[in-house]
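Undergrad: All chains, please: the whole structure from these sequences, using the hints.
Protein chains: 2
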Amino acid sequence: MKTLEEQELTGRIAEDAGLVEKALAERWLSDVGTYAPLLGEAMRWAVLGGGKRVRAFLCLETARALAPEADALDYACALELLHASSLVHDDMPEMDNDEMRRGKPSCHKKFGPAIALMAGDALIALAFEAASKGPYAARAVSLLAEAGGWQGIASGQTLDLLSEGKRITLAQLKELQRLKTGRLIRASAELGALAASASADETRDFAAYAEAIGLAFQVTDDLLDAGEEGSDRARDLATFLCFMTPEEARAYASELTETGKDAIRKYPGAGLLLSFADRLLARTY
Amino acid sequence: MKTLEEQELTGRIAEDAGLVEKALAERWLSDVGTYAPLLGEAMRWAVLGGGKRVRAFLCLETARALAPEADALDYACALELLHASSLVHDDMPEMDNDEMRRGKPSCHKKFGPAIALMAGDALIALAFEAASKGPYAARAVSLLAEAGGWQGIASGQTLDLLSEGKRITLAQLKELQRLKTGRLIRASAELGALAASASADETRDFAAYAEAIGLAFQVTDDLLDAGEEGSDRARDLATFLCFMTPEEARAYASELTETGKDAIRKYPGAGLLLSFADRLLARTY
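Line by line, the protein sequences are chains R and C.
Per this note's numbering, residue 1 is the first one in the first sequence, and the count goes up by one each step.
Per this note's numbering, residue 1 is the first one in the second sequence, and the count goes up by one each step.
It should be emphasised that the hints constitute simulated quantities derived from the structure, not laboratory data.
Just so we're clear, the structure is a prediction, and the values are computed from it rather than from any experiment.
Yeah, the Cβ is synthetic: ideal placement off N, Cα and C, and Gly gets one too.
Incorrect hints may appear among the rest.
Stated by the list, open to error - Cβ pair distances, simulated, as ranges: (1) Glu-258(R) x Glu-69(C): 52 to 58 Å; (2) Gly-103(R) x Arg-139(C): 51 to 57 Å; (3) Ala-282(R) x Arg-139(C): 40 to 46 Å; (4) Arg-167(R) x Lys-22(C): 37 to 43 Å; (5) Lys-22(C) x Lys-110(R): 42 to 48 Å; (6) Pro-37(R) x Pro-93(C): 53 to 59 Å; (7) Arg-283(R) x Arg-27(C): 41 to 47 Å; (8) Asp-98(C) x Lys-110(R): 43 to 49 Å; (9) Ser-197(R) x Gly-227(C): 33 to 39 Å; (10) Lys-52(R) x Ala-251(C): 55 to 61 Å; (11) Leu-19(R) x Arg-27(C): 37 to 43 Å; (12) Glu-248(R) x Pro-105(C): 29 to 35 Å.
What the hints assert, rightly or not - To be clear about the criterion: a stretch of chain C counts as covered by chain R if any three or more of its residues have a C-beta under 8 Å from a C-beta of chain R, and this derived list gives those stretches: (13) 16-26; (14) 35-49.
TA: As structure tokens, this is what we get:
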């Protein structure tokens, strides 16, 4: 039996995902095939009709928690576009060589690696275009660039690649995850706070929340993967289960989730984000 | 015997290239290896110590022509970073598979395709970070995104790829070149004008100049390539020499150069850009 709060969360997640899907399809991806139709098709394939839109949700709900009337939709789209670009390039043969993504063939399997390479590049550019339409373009673009560039995803994916088949330390694994996924999750809250014209303290609190639940999400992901027979990730040397038992990993994820919730508990509008942290954690049990 | 004007132009080209090289090395690329040293090395390899810095020159000199005190250096760096990223990805095995670039091994030959893929992505992000530091971040980022994304390079490179071995029309070739190289050349002048807080009319004039000399540059490039024995490009079906004799191509490049010069002739500060247009054209003879 679901509580009212849980029902509200479920509804809001679906509502936000719908908003973002519509804006992506109608505002940002409607014309992308104007000059090279195949490029446009590949871009839409990589972005639309899939994805949990976690980053968009964190951005929109952080903005709402801090200022009910804030409009963070362009930033939410920018985050999902950048995230999709990173998946397209990370799936490519020279990287993880993943053939499936979000339940369908990955972009390079469907369109070939050259078109996937260009589609990823074009999605990065489009992410920045979307970020530049928000109320504080300079700051928004900086945040997004730091999440996607050498300060974030690009270094994280490089470290992930170089760590294949090698033993790394727990500290190195945490750093890798912080760069590869944590920075963009954190930027999701930071961009939401920016859309709400938040103070530095408010921004810091929601960023701390996002960073903590982002890492908890990664730990629970490793737990879920370890449960799947024959999972690639379970044989990987760079998972949290190389350093702790499943019980310890569950305790670590719970602790991170509590730390994240503590950072925003004092905000009256943060109820939905508190429930969301619990829901992410609950995936494992 | 060089005229004084020609000597001044030579000096200014070298001076601008030096300024940009220093800013790229010391401001934008000094810390890029902080988390993943190899990624940083690949980014520096792709950007520093090579390149004519044509886009930076057009940006800096357009700004100076319109406002002597304008500071367009961040925009100039953004243009060179985006240009370098496009070369890294365009050289990759799934695209043109070029082994040499600017007189040394291309980024993927030196570092492998996975690192080159990530280095290119990180350079795109860094280009937008640099653009966001200028005086009109939102507009600058939009201009750069349109030049690099589906409205520009990504579509141009896709069309170039899809045209391989196929006959295309002259109109299609012009469109392909406009997207692949023209948009960024045009954006170079537009960003310079933006740094100078130029009016819409001024921006339009310098953009027209850049677009025309950019196309003239491409036509003379095809002429130079056709002169090289065994050049790949000479056998290419997508060069201007598929549609005109060398004499006609020279006349077309001259005509484009004059059109470009006419667009900015009335500006007292444009002397150096007028000489620059002539110098680009003179490469062929």
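Undergrad: Look at each hint and say if it fits the structure.
TA: Each hint, compared with the structure:
1. Remark: the range hint 52 to 58 Å for Glu-258(R) to Glu-69(C) is upheld by a beta-carbon distance near 55 Å.
2. Here the CB-CB span from Gly-103(R) to Arg-139(C) is close to 39 Å, at odds with the stated 51 to 57 Å.
3. Separation of Ala-282(R) from Arg-139(C) is about 45 Å and conforms to the stated range, judged on CB atoms against 40 to 46 Å.
4. For the pair Arg-167(R) and Lys-22(C), the supplied restraint of 37 to 43 Å holds, since their beta-carbon distance comes to about 41 Å.
5. Look at Lys-22(C) against Lys-110(R): about 44 Å separates their beta carbons, and that is inside 42 to 48 Å.
6. At roughly 24 Å, the beta carbons of Pro-37(R) and Pro-93(C) sit outside the given window of 53 to 59 Å.
7. Evaluation of the 41 to 47 Å hint for Arg-283(R) and Arg-27(C) yields a pass: the beta carbon distance comes to about 43 Å.
8. A hinted range of 43 to 49 Å for the beta carbons of Asp-98(C) and Lys-110(R) is inconsistent with their spacing of about 26 Å.
9. Distance hint for Ser-197(R) and Gly-227(C): a CB-CB separation of about 60 Å, inconsistent with the stated range 33 to 39 Å.
10. One distance hint, 55 to 61 Å for the beta-carbon pair Lys-52(R) and Ala-251(C), holds here, with the actual separation near 59 Å.
11. Look at Leu-19(R) against Arg-27(C): about 38 Å separates their beta carbons, and that is inside 37 to 43 Å.
12. The hint said 29 to 35 Å for the Cβ distance between Glu-248(R) and Pro-105(C), and at roughly 47 Å that hint is violated.
13. Under the rule that three or more residues need a Cβ within less than 8 Å of chain R, the assignment of the region 16-26 of chain C is violated, with 0 such residues.
14. Proximity of the region 35-49 of chain C to chain R, defined as three or more residues with a beta carbon under 8 Å from a beta carbon of that chain, is established by the 6 residues found.
Of the numbered hints stated above, those contradicted by the structure are hints 2, 6, 8, 9, 12, 13, listed in ascending order.
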